[in-house]
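Colleague: Between the sequences and the hints, there should be enough to build the whole structure, so can you do that?
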Amino acid sequence: MVLLLLGMGFFLYPHVSNLLMERNQSYAIQNFEDQVKNKARDEMEEEWKKAEEYNESLSGNVLRDPFMEGSGMVLQDNYKEVLNINGIMGYIDIPDIDVNLAVYHGTGESTLKKGVGHLEGTSLPVGGAGTHAVFTGHTGLTTAKLFTDLTELGEGDMFYLHILDRVLAYQVDQIKVVEPENTDDLKPVAGKDYVTLVTCTPYGVNSHRLLVRGKRTDYHAWQEKQAAEKTERKLTREEQTLWITGLTTAVIILLIIITAVIRNRKKGNER
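Residue numbering for the sequence shown follows my numbering, beginning at 283 and increasing consecutively.
What the hints contain is simulated information worked out from the structure, not anything from laboratory work. Each hint can be trusted.
Calculated cross-link-like contacts (lysine-lysine; reagent style DSSO-like; alpha-carbon spacing at most 27 Å):
| id | residue 1 | residue 2 |
| --- | --- | --- |
| 1 | Lys497 | Lys474 |
| 2 | Lys497 | Lys458 |
| 3 | Lys396 | Lys458 |
| 4 | Lys497 | Lys507 |
Quick caveat, the model's predicted, so the values are computed rather than measured.
Modeller: Structural data, given as structure tokens:
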């Protein structure tokens with residue numbers, strides 16, 4: 283009986299934890315959008331300009347693996363002040379794997395446990411020729427999926443960056459697995475507008491880095507919405523399976539309890 287309860291708890295814990303994480307993310311993103319709506323247009327333009335100027339100052343910086351302690355580099359004192367809306371830089375939407383996560387400055391452990399981190403030393407995510415922003419996220423946490431499903435993306439898939447009051451669209455054009463110290467693919471390329479998503483791989487081993495790069499393309503709101511609706515239908519089926527499994531387990535436990543009670547009563551009557 284105890285083993286059955288422990289098994290049920292073990293099975294449900296990751297799912298429940300991830301649901302709580304998603305709720306927190308939804309709250310953070312909604313708060314971000316509310317803050318953006320309350321900002322004047324000229325404030326937005328000024329903030330965007332600051333980010334572009336910041337990117338122009340980054341040429342020649344050396345990049346390091348974001349998942350290693352002490353990695354990254356010391357940048358201008360205003361790094362965390364640019365594109366900072368209540369502590370959030372923006373959020374990333376990857377409809378094909380149902381990822382909708384807030385993006386924070388830096389890649390410290392506390393940051394990566396609550397969302398996606400922007401790698402210091404790379405471009406801020408405002409686009410433009412010669413820019414290359416890098417976002418990092420954990421794989422395999424028991425409390426949240428985060429970038430766990432990044433392996434399911436393929437070339438041609440889309441992801442979207444919601445920064446201030448703008449949306450930047452990127453289409454996956456390259457997927458690579460590299461050694462942690464190999465950061466050549468994170469460098470900016472003249473004339474190109476790239477964003478790369480980075481996570482540890484393989485699952486549970488984390489000896490390498492999965493790099494999913496997207497190239498800038500035109501944004502169409504209907505395309506993002508359509509992809510999200512398709513994923514939502516898929517997730518509904520998965521959630522149904524989860525609830526059926528949970529309900530079946532609960533019924534089995536209830537039957538075991540009832541059976542045990544009846545047996546105890548019979549033994550009591552026999553005495």
